[in-house]
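A.B. asks: Residue-level listing of the chains:
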Amino acid sequence: MNNLLILNNLSIGYKDLIIYKDLSFNITENTITAILCPNNGGKSTLIRTLSGIIYGLDGNIVLNNVKLTRRNFKKYIRNIGVVLEDLDYQFITDNVKEEITFPLVNLGYKKNIINKHIKDVSNICEIDNILNKKIKVLSNYEKIKVLIATSIIHFPKILLLDDPFRFINIKEQKKILNILNNIKNNYNISIVFTTSQISSIIDLENIIVLGNGKIVMQGNYNDIIKRDNELSKLGIEIPIMIDLSLKLQFYNLLDDIYYNVEGMVDKLWK
Amino acid sequence: MEIILRNNYNCKKKINVEEGIIISLQASNLNAIVNNLLNDYKFININNNQMYFVGENVYEEINLYNKIYNLSLINDVLNILGLDDSFFNKKIENLSYTEKIYLNIIRNLSLDNKKVLFYDVYNYLDYANQKKIKNLLLYLKDKKYIILITSNDVNVLYKLADYSVLWNKNNFEYSKTDDLYSDVEKLLKFKLEVPILSKITYKALKDKNIKLFYSKDVRDIIKDIYKHV
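Chains as they are written, first to last, in the numbering used here: chain D, 995 to 1264; chain Z, 49 to 277.
Calculated from the structure, these hints are not laboratory results. Everything numeric in this text was worked out from a predicted model, so none of it was measured. Please note that a few of the clues may not be correct.
Pulled a few chain Z residues facing chain D out of the computed Cβ check, cut under 10 Å [what the hints assert, rightly or not]:
id, residue
1, Asn-97
2, Thr-146
3, Tyr-172
4, Lys-179
5, Asn-200
6, Asp-201
7, Asn-203
8, Lys-256
9, His-276
10, Val-277
Where is the CB? At the ideal position from N, CA and C, for every residue including glycine.
Please construct the entire structure, taking both the sequences and the accompanying hints into account.
C.D. replies: What follows is the structure, encoded as structure tokens:
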């Protein structure tokens, strides 16, 4: 698979504070990548830099063969959809349908194409039933779905999300992950999201763990979870069932990670 | 102190609370109960979903919100949260989300009120910051605050609360957390979530006739499992 987003020796932060120095990694086409990072680790700064809201201090970012520069800015951001951290500050209108229509009107799309896009995207983001609702009455879970729909309505190459699971419970997190998966499969949009919670990344293939200003580890979920001590040192909490499974594995009482109590109890006392 | 909890059907339940305790709320109708509680008893509401800032920097924000009532308490809180005086000079726009949560806590604790609700504050935070919040709760408990907590993770409530409220429709219970959360049959009857460690102990007995202790800590239950496998 081709590299879609390339970070090459990127340094990010602010004038008086460098958060990451010489950060290099690639995001390949048609993938979902989680960036796992403890609180205060620079997740928002990274997403803001990748989406062109703030400029990197050094190094470069290339998306779909377009290098992010002041001159290429419009061409670069055309391929990006982004959902930022503060849910309430991102809405421009007060109604769901108007909100997801706004980017297309702004880009000069014709009415029949706009209607088709809205139908398709609201279906895949599971917001068909709330299209006529006011933004202010939506739950956080619904707001995230609307923000995702608004961000992909122009079919970018990549969707960046800054900690989308922050305000929702585990069941809702799973549903959002399912929606992101459908977006990737149906529209070939690559997804990159940040999180500080392991419960949000279960079974993912591409995970990058950031901490202390660098990439600490990279791999799939099973690779990452085995390094539980390093994750704990970074301040990342290991969910109870995983923590318990790993410790019981250490004492040769289990041979695998169990995510449900029934399975674990059955295995322990066969 | 006597508190009357009300849900959105105006069904009322009385609980007696003492100073210096942490009480968890787990209910099917939680938002209505919390809103009524805030209206009726003027608890300080520390809620990550309601963090709106107008000041330019932290110092201005706190002063706009309220004059600091107890400076030594705020200094202690800063210390517990791993912050120092330089935090006051930080610009709001440069704060990370975690720092905004901390600012929200500090400005609320600057109020002259010892009744405080921590609404889902714990949820977003990573392990290191959860530990800080836990230490803060213990500090406030020591200062005789009445502390209510909610969380969508029942394991957090089990670990932190001294007393717990369980309320689903007509089923209501208020008692010591250890007693309530080790009565898994009752939690299932109430159709409320069961902490994972309680569930393991319950399933081991029910399905395998293995008697484990009810533990709040993974390390404790591992020792117990080790003895019984």
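A.B. asks: If you take the shortest Cβ to Cβ gap from Val-277 of chain Z to chain D, is it below 10 Å?
C.D. replies: For Val-277 of chain Z, the interface hint holds, since the closest Cβ of chain D sits about 5 Å away, which is under 10 Å.
A.B. asks: Quick one, is the Asn-203 of chain Z hint okay against chain D at 10 Å, beta carbons?
C.D. replies: With a closest approach of 6 Å, the Asn-203 of chain Z hint holds.
A.B. asks: Using 10 Å as the Cβ threshold, decide whether Thr-146 of chain Z counts as touching chain D.
C.D. replies: holds (4 Å)
A.B. asks: Please verify that hint: Tyr-172 of chain Z, Cβ, nearest Cβ of chain D, below 10 Å or not.
C.D. replies: holds (5 Å)
A.B. asks: Is the hint on Asp-201 of chain Z kept, meaning its closest Cβ partner in chain D is under 10 Å away?
C.D. replies: holds (8 Å)
A.B. asks: A closest beta-carbon separation below 10 Å is what the hint needs, so does Asn-97 of chain Z meet it against chain D?
C.D. replies: holds (7 Å)
A.B. asks: Less than 10 Å between beta-carbons is the criterion; does Lys-256 of chain Z satisfy it with respect to chain D?
C.D. replies: holds (4 Å)
A.B. asks: Taking 10 Å as the limit, does the beta-carbon of Lys-179 of chain Z come near enough to a beta-carbon in chain D?
C.D. replies: holds (9 Å)
A.B. asks: Can we keep the Asn-200 of chain Z interface hint, with Cβ of chain D closer than 10 Å?
C.D. replies: For Asn-200 of chain Z, the interface hint holds, since the closest Cβ of chain D sits about 4 Å away, which is under 10 Å.
A.B. asks: Against chain D, is His-276 of chain Z within 10 Å by beta-carbon distance?
C.D. replies: holds (8 Å)
This entry satisfies every hint, going by the numbered hints stated previously.
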